[in-house]
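Those sequence lines, one after another, are chains A and B. Going by our numbering, the first residue of the first sequence is number 110, and it counts up by one from there. Going by our numbering, the first residue of the second sequence is number 103, and it counts up by one from there.
Hints in this document: simulated from the structure, not taken from any laboratory. We put the CB at the ideal spot given by N, CA and C, even for glycine. One or more hints might be untrue.
[What the hints assert, rightly or not] One-sided excerpt, in silico: chain A residues whose CB lies under 8 Å from chain B: (1) N160; (2) V163; (3) L193; (4) S196; (5) G214; (6) P215.
[Unchecked claim] Using C-beta positions, here's what the derived DEER-type ranges look like: (7) B:K119 <-> A:I121: 35 to 43 Å; (8) A:W131 <-> B:Q200: 38 to 46 Å; (9) A:D172 <-> B:G143: 40 to 48 Å; (10) B:Q200 <-> A:N160: 28 to 36 Å; (11) B:T122 <-> A:L193: 21 to 29 Å; (12) A:N160 <-> B:T120: 21 to 29 Å; (13) A:L193 <-> B:G143: 32 to 40 Å; (14) B:P184 <-> A:K171: 38 to 46 Å; (15) B:G143 <-> A:Q126: 39 to 47 Å; (16) A:G206 <-> B:S110: 43 to 51 Å; (17) A:G162 <-> B:S103: 23 to 31 Å; (18) B:S131 <-> A:S116: 18 to 26 Å.
[As the list claims (entries may be wrong)] In silico lysine-lysine, PhoX-like type, Cα no more than 25 Å apart, as pairs: (19) A:K153 <-> B:K201; (20) B:K161 <-> A:K120; (21) A:K120 <-> A:K192; (22) A:K187 <-> A:K124; (23) B:K201 <-> B:K157; (24) B:K105 <-> A:K187; (25) B:K157 <-> B:K119; (26) B:K105 <-> B:K209; (27) B:K161 <-> B:K173; (28) B:K105 <-> B:K173; (29) A:K180 <-> B:K209; (30) B:K105 <-> A:K171; (31) B:K159 <-> B:K209; (32) A:K153 <-> A:K124; (33) A:K192 <-> A:K180; (34) A:K171 <-> A:K192; (35) A:K153 <-> A:K192; (36) B:K119 <-> B:K201; (37) B:K209 <-> B:K173; (38) B:K119 <-> B:K161; (39) A:K171 <-> B:K157; (40) B:K161 <-> A:K180.
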Amino acid sequence: EAGVAQSPRYKIIEKRQSVAFWCNPISGHATLYWYQQILGQGPKLLIQFQNNGVVDDSQLPKDRFSAERLKGVDSTLKIQPAKLEDSAVYLCASSPGFQETQYFGPGTRLLVL
Amino acid sequence: SQKIEQNSEALNIQEGKTATLTCNYTNYSPAYLQWYRQDPGRGPVFLLLIRENEKEKRKERLKVTFDTTLKQSLFHITASQPADSATYLCALSSGGYQKVTFGTGTKLQVIP
């Protein structure tokens, strides 16, 4: 079974630029999560989708971050414009449903200069 | 506010000994608690899940306890090996549609 795929793996941008991350979850997984993990901290949930509907985006900085999950499969997370404090690893995870084990992708390491 | 605490200092133990990691929480009524392992440059990997009505769960050399009175979970690795060296994260959820919240993780180093 293929795992969660993410791209790119690394990205370096200047502040105020925009960036987008892509995630392909495990086939058949209805729930998709985007997390932000700052060095030395645990993952922090940004947004959670159930199929293509948003379940929780309470910690998503909506003035600069946006995410979508078209057709309930792939998802993209965008930052526009980026700030220095957005430097982090962005993790995508998926699970068959709620209250179930989450399977994480390798993450995208973002550096904002 | 809800808080999940894991020992931020690294835990160093000798190979063959039992490693014990702690996860404490406040202002939280978790329906279940999970433990994940994270290696450098990789995403977390699920290890064990324990529900609020369970006291203990085991899987091979791993054991998790969950004390809702003390608001604490202990994660044990018996007969530890250098390959067990990683950061271990605990994660809690109140269940239903509530999100999973992760602790900051504890870095374990098993010394040969």
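Of the numbered hints stated previously, which ones are contradicted by the structure, given in increasing order?
1, 2, 3, 4, 8, 9, 10, 11, 12, 13, 15, 16, 18, 20, 24, 29, 33, 36, 39, 40
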